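K.L.:
Next come the chains, spelled out residue by residue.
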Amino acid sequence: MLGPVLETLIGGLLTGVLYALVALGFVLIFKASGVFNFAQGAMVLFAALSLARLSEFMPLVLALALSILIMIALAYAIEFLVLRHLVNQAGIILFMATLGIAYFLEGFGQTLWGSDIYKIGLGLPTEPIFILESVFPGGLLIDPIELAAATICALMVVALALFFQVTRIGRALRAVADDHQAAQSVGIPLDQIWLVVWAAAGLVALVAGMMWGAKLGVQFSLSLVALKALPVLILGGFTSIPGAIVGGLIVGAGEKLAEVFLAPVLISSFDLAGGGIENWFAYVLALLFLLVRPQGLFGERIIERV
Amino acid sequence: MLYREVGQFRTSYAADEAIFPIAQDRWFIVLLVAFAFVGVPAFAGQYLYTEILIPVLILSIAAIGLNILTGYCGQLSLGSGGFMAVGAYAAYNLALRLPQTNIILVFLFAGLMAMLVGILFGLPSLRIKGFYLAVATLASQFFLEWAFARVKWFTNYAPSGSVAVGRIELFGIPIDTPGKIYVFVLAITVVLALAAKNLVRGRIGRMWMAIRDMDIAAEIIGIRPLNAKLSAFAVSSFYIGVAGALWGFLRLGSWEPLAFDVNRSFQVLFMIIIGGLGTILGSFLGAAFIVLVPIALNQLPSWLGIPLSTAMISHIEFMLFGAMIVLFLIVEPNGLARLWAIIKEKLRLWPFPY
Chain E
1 MLGPVLETLI GGLLTGVLYA LVALGFVLIF KASGVFNFAQ GAMVLFAALS LARLSEFMPL
61 VLALALSILI MIALAYAIEF LVLRHLVNQA GIILFMATLG IAYFLEGFGQ TLWGSDIYKI
121 GLGLPTEPIF ILESVFPGGL LIDPIELAAA TICALMVVAL ALFFQVTRIG RALRAVADDH
181 QAAQSVGIPL DQIWLVVWAA AGLVALVAGM MWGAKLGVQF SLSLVALKAL PVLILGGFTS
241 IPGAIVGGLI VGAGEKLAEV FLAPVLISSF DLAGGGIENW FAYVLALLFL LVRPQGLFGE
301 RIIERV
Chain R
1 MLYREVGQFR TSYAADEAIF PIAQDRWFIV LLVAFAFVGV PAFAGQYLYT EILIPVLILS
61 IAAIGLNILT GYCGQLSLGS GGFMAVGAYA AYNLALRLPQ TNIILVFLFA GLMAMLVGIL
121 FGLPSLRIKG FYLAVATLAS QFFLEWAFAR VKWFTNYAPS GSVAVGRIEL FGIPIDTPGK
181 IYVFVLAITV VLALAAKNLV RGRIGRMWMA IRDMDIAAEI IGIRPLNAKL SAFAVSSFYI
241 GVAGALWGFL RLGSWEPLAF DVNRSFQVLF MIIIGGLGTI LGSFLGAAFI VLVPIALNQL
301 PSWLGIPLST AMISHIEFML FGAMIVLFLI VEPNGLARLW AIIKEKLRLW PFPY
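Listed in order, the protein sequences are those of chains E and R. Counting in the working numbering, the first sequence runs from 1 upward without gaps. Counting in the working numbering, the second sequence runs from 1 upward without gaps.
It should be emphasised that the hints constitute simulated quantities derived from the structure, not laboratory data. Values in this document were obtained by computation on a predicted structure and should not be read as measured data. Mixed in with the good hints there might be a few duds.
[Said to hold, decoys possible] Sample of chain R residues with no beta-carbon within 10 Å of chain E, all distances over it, derived:
| id | residue |
| --- | --- |
| 1 | Phe-43 |
| 2 | Val-190 |
| 3 | Phe-318 |
| 4 | Gly-322 |
[As the list claims (entries may be wrong)] Per label pair, the in silico range of CB-to-CB distance:
| id | chain 1 | residue 1 | chain 2 | residue 2 | range |
| --- | --- | --- | --- | --- | --- |
| 5 | R | Gly-7 | E | Leu-291 | 56 to 64 Å |
| 6 | R | Lys-346 | E | Leu-155 | 58 to 66 Å |
| 7 | E | Ile-117 | R | Pro-301 | 22 to 30 Å |
| 8 | R | Gly-305 | E | Phe-220 | 23 to 31 Å |
| 9 | E | Ile-117 | R | Thr-50 | 50 to 58 Å |
| 10 | R | Arg-206 | E | Gln-184 | 31 to 39 Å |
| 11 | E | Val-292 | R | Asn-263 | 50 to 58 Å |
| 12 | E | Val-166 | R | Pro-353 | 52 to 60 Å |
| 13 | E | Phe-220 | R | Gly-45 | 34 to 42 Å |
Note that CB positions come from ideal geometry on N, CA and C, so glycine has one too.
Bound-form chain R, shown alone (with noise of 0.2 Å):
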């Protein structure tokens, strides 16, 4: 009743072509927008920042990144962990090298770097498809972790290998509680986000659909597969470049290769499929649902009162994990956003079942 666009008309090319067409989809966004930056901080405690708000933000870019180059562009990858470590050191280095460059311009600096290394790895993807792409991408993931592993300049020849950011502060206004990193992480998601969706809407995104759908179609009716393959892994590495920079600086704080590992790869991966393939709000949602459900299955031993040692709860938790995430792509392949979209096609007939 409440959701029906009854009355709504689009009067000019501008109003037809909006993100949200419909109303009451754009005041629902602007009131979330506006909850997040105002109300949340009313009440969220340091648990819900640091454990479950900053993560999901941040792993939302990363999502949004792979969504453009897997969802997108159709091209699978599998290295995602290793553009986040190239974003994670090169923030670093010049943090570290330049010690008063402004925060923004380092974050900057670290998407500009994984967007270089992104486009020399998605080379192999004008000639190799498919599953064997992913495979490849494999190659960049390894080598990457390697080579922070072990090259000493990238960690400063720290002997224990792993690296330490210092203070942070972004003009002159420390961001070290994390209220204030909620707010700074909020804001760089939310621009990164509408940018995101207004590059897919446009001509580039046009050209990245055409070339998923069929590239050889694609290529004769006049796109670049070059170009299109090419721009999609640097615009995908700068979003996950800086969701690792945003990762090793505000979540971290304090790093090793190992926590961009294959494994955060896959982490990103099922994030995407479980939220949605070509959708910036499945992103959203499958970082949501990635975060949350680990979280949740920690806790369900000690909530039923069963005990278990830490060891069988981890193994535990990878079974459910693992059949959680069969169940949903049985239940539903096209992911959370498919879902959601369904209910508002309810939602708009309701209360009548036609």
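Same shape as in the complex, but just chain E (with noise of 0.2 Å):
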């Protein structure tokens, strides 16, 4: 008994790095610059799109610095041509305008790039791994491609912590998290700012991207990855990054096994044509949760004044 549930927790626990993943592009825009980024699953399927086209027509390493430089000038065209202009509007009509800019990107990523699944040969072996086959009968089952998004994830994370812990720009995305007009009072260039964490978004939005298309192809439900990644970003608050890591691994691990062991429960007590739960499963935890935590996990208490 116990071997089923632990193979499903590792698989689970290692989805959730990637939901992670995605959930980290979403902090990292919110924290320093207060914008709902919605079109994040969108900047995941165009960077993946691009990468995969790409590497079709020359090394991967050299299509994985090229997709570099297009998520670096897109993030200066959203900066110069949409968050320029909306200075100082109300949270909503931000969120609003990234959902735009997220049917934007899905068209122009699909009539840019094609319509159709592609794939991103990583080099990866494919086969999966067992482990501990001593201890459990059969082994334990795991996937390559999510053991390698746990490592790169991982990297990911002390990197960014490093970047905003010891570095010059790193100190200045902190102070304007805190707020807006102080740190422009004492000279830090606002667009400049969020110019760089929309480029860092990017490169989190390419990593995901390359992972998820590498586990399930590049195609057009890769944007859609994004509405998963929301509950991760609740249970976790929006404004931390360790918070996108717990949320991501809590709704993974949840998910999985919520689908193995809850679904049939449901299905036999209930009557219903097919489980398929983990849709809305993770949502529900999180609501949950938040009933409890208002501010998820790890993210700043709101305090307010009248």
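Since each chain comes alone in its own frame, lean on the hints to assemble the complex.
P.N.:
Here it is in structure tokens:
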């Protein structure tokens, strides 16, 4: 009994890391500019499409470098064409603008790169790995792509943490996140900071797109991964990078365990036409969690004064 | 010159508090509604009815509903599609199980069921605010979508999962032609819009707006957030539920849960942002905009004579739609209703520039 539970748990945790990768991009932008960036999913799709199509013509490393440039150019275009004109607007207006960007990117990406299913060959072994064969009969099955994603994600979090804590730009970023006006008044250029943040989110999207693309193939449904990352976000808190990681792990594991153990119970007791509860389970989990802690696990406490 | 209220004195409190205090506005609206009831059926064809007028009217009701919640009470919701589904399936089940029920009662029942579900999913709003709440409402969207796809009872054990409605009649008169459907939907829209306008002008509406502007301050001056927020969720879901039932019964005829997916929620949200948050007029303008723009974009390549594949057209449509949303937000973040107000203001001063 313990074997399958553990296997589901590990599979879920590793998938959770992939969710966390997408959620990271959200957190970066929300932290630095207060924009709830719904276009993150579309950015993941766009980055993955660029990488997949470019790597058909050139070696992967070159395609990766070019994709990084494309994502930076995209960040610049978004800052220059959209955000610059929407300074000082209410949060909901900025959110709607990112919805518009999401639509645009989904259309643009597929017009430019095509809308079939593409493959990203990362050169990773596709054979599942079995571990702990001596402890459990048959061992535990692990997907190497997910393992690689987990490693890369860990590296990226360390890099981001260093970037935020040690570098000069990182310090400026934290200042902007704390208070836009105060940051501006001590001479931090807001537009440059936003450019850096969107470029960073673009790179995170590229990594996420690469991993998801390698797992599922690059196709339109990749942009829906963003919808899976939202409960991760509210679980962990909008402003916390560790929150995104922990939230991702909880959602990934919870969702898999629920699909395997809760769904059959639901199906037999309510006479359902099949399970598929993973579409909403994460949301309901996050919702219940929010009732206890409205700002998420690691989110900043909201103190309101009249 | 024509649009000037010179000489119109408001001598009673009622006249001062009228919905349209200026006589020209009043006449304009009366003529517009009369034209919609009498004039339009004189010339409208099938395409105009089924592709433009009926969708615009039904979605306006949904937009009014969301506007009450988001525009007036300040609670951002991404669950409209789910509540529309509740309305549609509630109406379907009542019509199926009690076939003799009057169609008006069926739609009322749809609204009431959506209202109950809305109150249930509105409960978290007492603790959660802003974007956290927006994501939390997505929970209702995905849960409801799943429930209608999987629980067999809701779809009457239909093997394909899609449901179809039979003959619809009102007091013995069948509502079958697009013209009759249009008049029926128009009548419902007028009644609901008038009710909404009066709700938001009254005590409840002011309560909502106080909560929207600053909930803690509102609480201190004696407004209960529980009452205000849950009543906003209730009224809003009622409207959205009725819209969902109308959409299923009179626009689609047969549907699957996919007709009310998360894109429908975004569509309704787009309507109120583009139309104008916190205005009833904006709900109509926004609905018209969101229905008409994709139709126009779809026709664009053939008008320009550019041969394109259908997949390409749909991608370009996405692109242009996204770009238009962004452009619109940059040019007029307060929506079409604000543009309308500016036009009226200019008209009052015309031909003088000051």
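K.L.:
Give a verdict on every hint.
P.N.:
For each hint, the structure was consulted:
Separation of R:Phe-43 from chain E is adequate, the least Cβ-Cβ distance of about 34 Å exceeding the 10 Å criterion. For R:Val-190, the requirement that its beta carbon stay farther than 10 Å from each beta carbon of chain E is met, with the minimum near 29 Å. A cut-off of 10 Å between C-beta atoms contradicts the statement that R:Phe-318 is not in contact with chain E; the least separation is 3 Å. The beta carbon of R:Gly-322 sits about 3 Å from the closest Cβ of chain E, which is not more than 10 Å, so the claim that it is off the interface is violated.
At roughly 58 Å, the beta carbons of R:Gly-7 and E:Leu-291 sit within the given window of 56 to 64 Å. Checked against the given bound of 58 to 66 Å, the beta carbons of R:Lys-346 and E:Leu-155, roughly 59 Å apart, stay inside it. One distance hint, 22 to 30 Å for the beta-carbon pair E:Ile-117 and R:Pro-301, holds here, with the actual separation near 26 Å. Under the hint 23 to 31 Å, the C-beta atoms of R:Gly-305 and E:Phe-220, about 29 Å apart, fit the expected range.
Distance hint check for E:Ile-117 and R:Thr-50: the Cβ-Cβ separation is about 35 Å, which falls outside the suggested range of 50 to 58 Å. Checked against the hint of 31 to 39 Å, the pair R:Arg-206 and E:Gln-184 passes, with Cβ atoms roughly 36 Å apart. Judged by the Cβ atoms, the range 50 to 58 Å given for E:Val-292 and R:Asn-263 is violated: they are separated by roughly 31 Å. A beta carbon spacing of about 58 Å between E:Val-166 and R:Pro-353 agrees with the range 52 to 60 Å that was offered as a hint.
Roughly 35 Å separates the CB atoms of E:Phe-220 and R:Gly-45, a value that falls within the hinted 34 to 42 Å.
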